[in-house]
Amino acid sequence: MTTSQLPALKVVLVDVNRAVTDAWEAVFADVPNVEIVRGSITARRTDAWVTPTNSLGRMDGGVDAAVNRHFRGRIQALVQDEIAKRYGGTMPVGAATCVPTGGLRPRFLISTPTMVQSAQDISDTLNVALACAAAFQAVHMQNAKEPGSIESLALPGLGAATGRVPPRVCANLMWTAFTLFSEYVFRDYDTLRTAVLSQLGGHDLEGEEPVRVSVPKGLDAQPFVVGPNANWRRCHSGEMTSSVRVEGAPDKMGGTPSNEEPP
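Counted the way full-length UniProt numbering counts, the sequence shown spans residues 1 to 263.
Source of the hints: derived by calculation from the structure; they are not laboratory data.
Just so you know, not all the hints are guaranteed correct.
Stated by the list, open to error - Computed cross-link-like contacts, DSBU-like style, restricted to lysine-lysine with a CA-CA straight-line distance of at most 35 Å:
| no. | residue 1 | residue 2 |
| --- | --- | --- |
| 1 | K85 | K10 |
| 2 | K10 | K145 |
| 3 | K85 | K145 |
Claimed, not checked - Pair by pair, the computed Cβ-Cβ distance ranges are:
| no. | residue 1 | residue 2 | range |
| --- | --- | --- | --- |
| 4 | G102 | D30 | 35 to 41 Å |
| 5 | R164 | L200 | 15 to 21 Å |
| 6 | E183 | A29 | 17 to 23 Å |
| 7 | D188 | P100 | 18 to 24 Å |
All values derive from a computational prediction rather than experimental measurement.
The beta-carbon is built from N, C-alpha and C at its ideal position, and this holds for glycine as well.
Could you put the whole structure together from the sequences, leaning on the hints where they help?
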């Protein structure tokens with residue numbers, strides 16, 4: 001596959017909490033290439049999973065724990081080794097790691113902290129937007145290294161359980177992060193974090209409408225352009241529209257559910 005043949009990323013938003021999937025359905029209703037599923041992320045046969053974690057990468061609760069169990073307890077060490085290598089042992093909110101799992105589906109696990117320590121209340125922060133944007137930036141970075149290696153991605157409701165973020169706020173902030181991913185590629189996580197904070201800092205998180213980020217002039221961000229002459233930052237647009245499915249219905253992505261609660 002050449003870099004000009006990269007397909008659009010398929011995003012699967014998956015959560016066991018109906019309030020979260022209902023909020024996604026309202027916010028992402030007309031967004032192409034997004035599928036909404038009520039069920040377990042561990043049943044998604046995508047190229048990569050996103051797991052919301054803490055800054056130390058301790059996979060001891062929520063989706064983190066379910067994912068670690070899925071990989072028989074070995075994935076936490078890989079994540080923490082990557083955190084140690086890239087961030088000196090403590091990964092800041094607004095950053096992410098992407099580690100190979102050794103399997104085919106998912107081939108990669110993207111870990112992004114929604115909180116510094118386990119079970120923090122992040123309901124009055126922008127951590128969901130920062131974490132989700134960082135996860136999508138990790139996709140850009142991995143596909144820059146290995147074009148086409150991540151063509152599908154599954155994400156749970158970030159911060160919607162132990163983080164105590166209301167479902168509609170979670171959905172709005174994840175929409176903001178997704179649209180930012182769809183429009184820009186950033187040089188690094190620090191630049192991404194600056195863009196998000198500069199645009200969302202004054203907004204009411206309880207508002208009904210999500211916010212589209214406009215990247216300030218001067219930041220090192222490249223437009224993500226869809227078209228036939230795309231380089232690694234560009235891809236062909238797909239024709240899939242958003243859909244909602246409940247676990248147990250026929251599932252072309254395959255798998256069986258679990259009952260984890262997201263952080």
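How the hints compare with the structure:
1. K85 <-> K10: holds, 30 Å
2. K10 <-> K145: Holds: K10 and K145 sit about 19 Å apart, inside 35 Å.
3. K85 <-> K145: holds, 18 Å
4. G102 <-> D30: 35 to 41 Å: Given range 35 to 41 Å: holds, Cβ gap about 37 Å.
5. R164 <-> L200: 15 to 21 Å: Holds: the Cβ-Cβ distance is about 19 Å, inside 15 to 21 Å.
6. E183 <-> A29: 17 to 23 Å: holds, 19 Å
7. D188 <-> P100: 18 to 24 Å: With a Cβ separation near 21 Å, D188 and P100 satisfy 18 to 24 Å, so the hint holds.
Violated hints for the displayed structure: none, as all numbered hints are satisfied.
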